[in-house]
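**Student:** Sequence:
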Amino acid sequence: MVSGRQGEKRPRRTWLAGAVVVVLAAIAVSGWCFGFPGRSSAEHARPAGARFLAIAAAQPTAVLARPRPGASMGTRRFDCGRNAEGVRNSDNLITRPGVAGGAHHLHDYVGNMASNAFATEQSLTIAPTTCQDNDRSSYYWPVLRVPGDHGHQDPEAVLTPSSVLVQYRGNLTTAVVAMPPFLRIVVGNPQAYTQPGKTIASANWTCSGSRERTTTLYPRCPAGQQVVRVFDFPSCWNGTAVDSANHRAHVVYPMATGACPANTLAVPQLHLEVAYDIPVDANYVIDTFREEQGSSSSDHADFINVMPDALMAEVVRCLNEGLNC
Numbered sequence: 001m002v003s004g005r006q007g008e009k010r011p012r013r014t015w016l017a018g019a020v021v022v023v024l025a026a027i028a029v030s031g032w033c034f035g036f037p038g039r040s041s042a043e044h045a046r047p048a049g050a051r052f053l054a055i056a057a058a059q060p061t062a063v064l065a066r067p068r069p070g071a072s073m074g075t076r077r078f079d080c081g082r083n084a085e086g087v088r089n090s091d092n093l094i095t096r097p098g099v100a101g102g103a104h105h106l107h108d109y110v111g112n113m114a115s116n117a118f119a120t121e122q123s124l125t126i127a128p129t130t131c132q133d134n135d136r137s138s139y140y141w142p143v144l145r146v147p148g149d150h151g152h153q154d155p156e157a158v159l160t161p162s163s164v165l166v167q168y169r170g171n172l173t174t175a176v177v178a179m180p181p182f183l184r185i186v187v188g189n190p191q192a193y194t195q196p197g198k199t200i201a202s203a204n205w206t207c208s209g210s211r212e213r214t215t216t217l218y219p220r221c222p223a224g225q226q227v228v229r230v231f232d233f234p235s236c237w238n239g240t241a242v243d244s245a246n247h248r249a250h251v252v253y254p255m256a257t258g259a260c261p262a263n264t265l266a267v268p269q270l271h272l273e274v275a276y277d278i279p280v281d282a283n284y285v286i287d288t289f290r291e292e293q294g295s296s297s298s299d300h301a302d303f304i305n306v307m308p309d310a311l312m313a314e315v316v317r318c319l320n321e322g323l324n325c
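Under the UniProt record's numbering, the first residue of the sequence shown carries the number 1, and numbering increases by one thereafter.
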């Protein structure tokens, strides 16, 4: 009888030991999920789509084709500030006009201070601007964030750029013509992570002291260098439309030679650089649609031309005469 009762007790101890293992495993898992010691917050804060690359391992910056006779090699630069005013919204006047929050991610703006889903050509024309020389154009892109624990994007963790370069460039083969008022141009695909087959040029990333290398991934920059987003907009216009159904067909990129495709006209190319002071190991990400998982491949920027005609004529003159204005 005694041996029988002892035999009954053994499975209980085995069951109890198994329960202890399960509890310990649950504690370990909860520590992994909820930030207990054992895994750094930086590791579990990185969104699934965010990939980083040391800038030293990035590809050399692409070399442009050689300019031809008649090229428009000047530049025109505007000081539009760096959005120190905190002008932000989750609208997109180009792709979702009239829809509040239609972008589902937050944009930084410089230039036109009336840029939102409900802006009209009239309201943009009379709005105040952060740009010099009365350039009321609208320039915007997704904000950069440093996610908190578990990858949550803290609304307060938006990084204000340390500087923004707004520059117009010419064409390697020919003179440029003026952009029409309210021309809309988009660079990048905000759904590139979930639509990988769509090869739409996106942002390039580099570091302020490593311009000889660029990447489409988030760069890890050496201490003391800034992270820099570079947007080069398409610049071959179909000559008629200020927008198109997919917001891209009316303005395309030059060919590899630098020449515009047949039946298009070269217009000033918008070149944006947005720089940030970011800690070396921070898992920073752009604001994206939730399903894009913070991927750098989904980076994009938008532009609406609201320059007065005389100012646009000055831009064209600077570029065609080879001046750096």
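Derived by calculation from the structure, the hints in this document are not laboratory data. Incorrect hints may have been included.
To be verified - Derived Cβ-Cβ restraints for the label pairs, each shown as a range:
hint, residue 1, residue 2, range
1, A100, P69, 17 to 23 Å
2, R66, E321, 16 to 22 Å
3, G98, T257, 25 to 31 Å
4, C325, A54, 33 to 39 Å
5, M73, T240, 25 to 31 Å
6, A62, F118, 26 to 32 Å
7, E121, G239, 18 to 24 Å
8, T160, T257, 37 to 43 Å
Please read these numbers as outputs of a predicted model, since none were measured by experiment. Note that beta-carbon positions come from the ideal geometry of N, C-alpha and C, so glycine has one too.
**Student:** To test your reading of the hints: which numbers does this structure violate?
**Tutor:** 1, 3 and 6
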